[in-house]
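Engineer: Chain by chain, the residues run as shown.
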Amino acid sequence: MNRMLQNAAVVGIGRTKYVRKSGRTTLAMAAEAARDALADCGLTPADVDGFTCFGTSGSATPSQVAHAIGVEDLGWSLSVSGGGNIVTSTVTGAATAVLSGQADVVIAYRVLGSDTRYGRAFGTIHAEGEGQFAAPHGYMVPPQWFSMYARRHQHEYGSTSEDLGAIAVQQRLHASANPHAIGRDPITIDDYMASRWICDPFRLFDCTYEVDGAVAIVITSAERAKDMPHAPVYVLGAADANRFGGSPYQWDDMTTMFSRDTAPKLWARTGLGPADIDVACMYDCFTFTVMATFEDFGFCDKGEVGDYFRAGRATYGGDVVVNPHGGLLSEGYIHGMNHHYEAVLQLRGDAENRQVQGAQTALVTSGAGPFGGALIYGTSQL
Amino acid sequence: MTTEIQAPVPIPNALTEAFWQGAAEGQLVMQRCNACGHLQHPPEPICSACLSFDLGSAAVSGKGTVYTYCIPTQAFHPWFADKLPFVLAVVELDDQPGLKMITNIVDIDPEAVKVGDRVEVTFQPFSEGFFLPVFRPAAQ
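Chains as they are written, first to last, in the numbering used here: chain A, 1 to 382; chain B, 1 to 140.
Quick caveat, the hints were computed from the structure, so don't treat them as lab data.
All values reported here derive from a predicted model rather than from experimental measurement.
Note that the Cβ used here is the ideal one computed from N, Cα and C, for glycine as well.
Heads up, a few of these hints could be off.
Example chain A residues on the side facing chain B (calculated, C-beta under 7 Å, incomplete) [what the hints assert, rightly or not]:
| no. | residue |
| --- | --- |
| 1 | M4 |
| 2 | H126 |
| 3 | E128 |
| 4 | Q132 |
| 5 | A134 |
| 6 | H137 |
| 7 | Q144 |
| 8 | S147 |
| 9 | R151 |
| 10 | D191 |
| 11 | S195 |
| 12 | I198 |
| 13 | D200 |
| 14 | L204 |
| 15 | Y249 |
With a Cα cut of at most 20 Å, we get these calculated SDA-like pairs of lysine to any residue [to be verified]:
| no. | chain 1 | residue 1 | chain 2 | residue 2 |
| --- | --- | --- | --- | --- |
| 16 | B | K83 | A | E352 |
| 17 | B | K83 | A | R120 |
| 18 | B | K83 | A | Q154 |
| 19 | B | K83 | A | G158 |
| 20 | B | K114 | A | W197 |
| 21 | B | K114 | A | D200 |
| 22 | A | K17 | A | P248 |
| 23 | B | K83 | B | E44 |
| 24 | B | K114 | A | H155 |
| 25 | B | K63 | B | L99 |
| 26 | A | K302 | B | K63 |
| 27 | B | K83 | A | F122 |
| 28 | B | K83 | A | W197 |
| 29 | B | K83 | A | I125 |
| 30 | B | K83 | A | R196 |
| 31 | B | K114 | A | Q154 |
| 32 | B | K114 | A | G158 |
| 33 | B | K83 | A | K302 |
| 34 | B | K114 | A | D253 |
Just need the whole structure built from these sequences, with the hints factored in.
Structural biologist: See the structure below:
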């Protein structure tokens with residue numbers, strides 16, 4: 001076991017509204033989320049000396065956001081290359097900076113503007129590198145990459161459209177109690193089955209809701225966290241796994257994902273297991289991402305996710321509440337940083353009418369396919 | 001003003017030109033390690049099996065199995081708008097376990113494709129002298 005990370009904690013959270021088209025710059029949205037995260041924990045920009053973000057190409061960089069909110073001495077900043085796969089590394093990077101004395105207070109954020117939409121491609125594509133073997137065939141966007149995972153799972157384990165639909169229906173029901181969610185109208189399994197194909201076997205409701213918005217969280221030492229207005233949310237442990245570099249189709253078993261490697265490392269480092277988790281914010285760019293990672297983390301066996309959800313085991317009163325905010329599928333796609341916001345809200349007991357009663361631990365996963373990570377937050381240190 | 005919608009343009013490099021040259025000549029050519037015989041696709045600057053930089057290429061059988069597939073029903077890029085629906089697939093080649101490539105399955109109703117189908121390579125003219133290796137149901 002290695003529980004060093006639990007000496008860091010999340011003490012502040014901030015976010016913008018999530019909307020389809022904000023008309024705002026990424027810098028403006030990131031600055032708003034950072035400002036509000038600081039206000040949430042009673043700190044000022046003068047207290048901040050670290051900033052980190054991932055996926056910053058074409059977006060607001062750590063130094064820009066720090067400057068915008070008046071941070072005068074940015075002692076540590078890290079712009080991490082990657083997408084949803086690297087959220088865990090970004091947050092644990094912030095925690096590690098604090099624990100190693102490189103920074104006292106770090107803001108980790110993610111912002112997405114209308115210029116970034118991963119589900120589309122435009123213009124003339126000059127397909128270099130691996131892309132030359134993919135783009136000419138039409139292989140370009142995530143719904144294609146991961147619908148092919150789902151198909152393989154259906155072939156090997158007999159999972160069905162209805163099983164994917166059970167995830168979409170449950171998460172939408174959760175989102176209906178979340179005023180911040182962009183998709184709040186409940187859907188039935190019939191609505192799911194009748195929704196249009198995006199990329200067979202994925203229908204509309206299998207896919208995340210891409211939005212504009214930003215989320216920021218403030219991380220500091222457990223020691224300093226004791227003096228903050230909210231109860232600290234500790235980083236109990238984390239693990240990443242990124243291999244089969246290159247395209248997702250090179251992964252050797254497309255019925256599994258990164259979590260096949262991440263889960264055993266995370267459980268070993270923390271000494272915890274699936275039965276210890278109260279809230280599971282599962283990265284859900286697509287329904288199938290939840291299915292594969294949920295199996296890999298050992299909440300149920302291969303092919304059982306549909307029954308698990310239908311039996312009410314993934315919601316209030318069940319085994320673990322999966323994505324109480326509605327997830328990326330229904331709350332909106334802030335690239336997984338909104339999962340961290342939700343986990344903190346739940347562990348503070350501040351999630352209002354969607355509060356998971358007595359929640360003490362939250363698993364937060366990030367990524368899909370061969371690349372990703374996960375961490376566990378807790379209301380107390382282990 | 002309208003802009004002509006162009007096909008994605010492959011940009012070959014020293015590691016990949018054998019693949020495109022082979023395709024233009026009707027052969028599926030893959031990178032092959034001269035030291036250990038390992039095939040790898042897409043090509044890499046080093047052999048991931050034996051770490052040799054002595055890499056060449058070889059024609060492979062062009063026969064394989066549909067590992068998985070999807071059917072895009074939405075044009076994620078405008079060039080594909082008039083080609084919907086089509087079958088985008090991962091084919092695992094017979095030549096080496098786990099040797100996979102992205103391709104299309106042609107000459108079959110998309111609804112009839114199944115995981116595990118036996119397929120064989122064929123070549124379709126693409127753009128500007130490029131030919132694309134695609135797969136069709138294998139001859140019995």
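Engineer: For each hint, tell me whether it holds in the structure or not.
Structural biologist: Evaluated hints:
For A:M4, the interface hint is violated, since its Cβ never comes within 7 Å of a Cβ in chain B; the closest pair sits about 33 Å apart. Look at A:H126: its Cβ gets to within about 5 Å of chain B, closer than 7 Å, so that hint holds up. Given the 7 Å rule on beta carbons, the hint for A:E128 holds: about 4 Å separates it from the nearest Cβ of chain B. Of the supplied interface hints, the one on A:Q132 holds, with its beta-carbon coming within about 4 Å of a beta-carbon of chain B, less than 7 Å.
A distance limit of 7 Å between C-beta atoms decides the matter here; for A:A134 the minimum to chain B is near 5 Å, and the interface restraint holds. Contact between A:H137 and chain B, as hinted, is supported at the beta carbon level, the nearest pair being about 5 Å apart and thus within 7 Å. About 6 Å separates the beta-carbon of A:Q144 from the nearest beta-carbon of chain B, less than 7 Å, and the hint is met. With a least beta-carbon distance of about 4 Å to chain B, the hint placing A:S147 at the interface is held under the 7 Å criterion.
Taking 7 Å as the C-beta contact cut-off toward chain B, the hint placing A:R151 at the interface holds, the least distance being around 5 Å. Interface restraint check for A:D191: the shortest CB-CB distance to chain B comes to about 18 Å, outside 7 Å, so the restraint is violated. The criterion of a C-beta within 7 Å of any C-beta in chain B is not met by A:S195, whose closest approach is roughly 12 Å, and the hint is violated. With a least beta-carbon distance of about 5 Å to chain B, the hint placing A:I198 at the interface is held under the 7 Å criterion.
Below 7 Å, beta-carbon pairs count as interface contacts, and A:D200 has one with chain B at about 4 Å; its hint therefore holds. The closest approach between the C-beta of A:L204 and any C-beta of chain B is roughly 10 Å, which is over the 7 Å cut-off, so the hint fails. The restraint placing A:Y249 at the interface with chain B holds, with a minimum CB-CB distance near 5 Å, inside the 7 Å limit. For the given pair, B:K83 sits about 48 Å from A:E352 by alpha-carbon distance, which is inconsistent with the 20 Å threshold.
Using a Cα cut-off of 20 Å, the hinted pair B:K83 and A:R120 holds, with the two alpha carbons roughly 16 Å apart. As the CA atoms of B:K83 and A:Q154 are separated by approximately 26 Å, the hinted pair breaks the 20 Å bound. Distance hint between B:K83 and A:G158 is unfulfilled; the C-alpha atoms sit about 30 Å from each other, more than 20 Å. A C-alpha spacing of about 18 Å is found between B:K114 and A:W197, which places the hinted pair at or below 20 Å, so the restraint holds.
The straight-line distance between the Cα atoms of B:K114 and A:D200 is roughly 13 Å, inside the 20 Å bound, and the hint therefore holds. Restraint check for A:K17 and A:P248: the C-alpha separation of about 32 Å exceeds 20 Å, so the hint is violated. Our distance criterion of 20 Å between C-alpha atoms is broken by B:K83 and B:E44, whose separation comes to about 31 Å. Using a Cα cut-off of 20 Å, the hinted pair B:K114 and A:H155 holds, with the two alpha carbons roughly 9 Å apart.
Between the alpha carbons of B:K63 and B:L99 the distance comes to roughly 11 Å, so the proposed pair stays at or under 20 Å and holds. Taking the CA atoms of A:K302 and B:K63, the gap is near 30 Å; set against the 20 Å cutoff, the hint is violated. Under the criterion of a C-alpha separation no larger than 20 Å, the hint pairing B:K83 with A:F122 is consistent with the structure, at around 16 Å. For the suggested pair B:K83 and A:W197, the alpha carbons sit about 16 Å apart, so the restraint of at most 20 Å is met.
About 17 Å separates the Cα atoms of B:K83 and A:I125, which keeps this hinted pair within 20 Å; it holds. A threshold of 20 Å between alpha carbons decides the hint, and for B:K83 with A:R196 the separation of about 18 Å falls inside it, so the pair holds. For the hint linking B:K114 to A:Q154, the alpha-carbon distance of about 11 Å falls within 20 Å, and the restraint holds. The hinted pair formed by B:K114 and A:G158 meets the criterion: a straight-line CA distance of about 13 Å does not exceed 20 Å.
For the hint linking B:K83 to A:K302, the alpha-carbon distance of about 35 Å lies beyond 20 Å, and the restraint is violated. Distance hint between B:K114 and A:D253 is fulfilled; the C-alpha atoms sit about 18 Å from each other, no more than 20 Å.
Consistency note: the structure conflicts with the earlier hints numbered 1, 10, 11, 14, 16, 18, 19, 22, 23, 26, 33.
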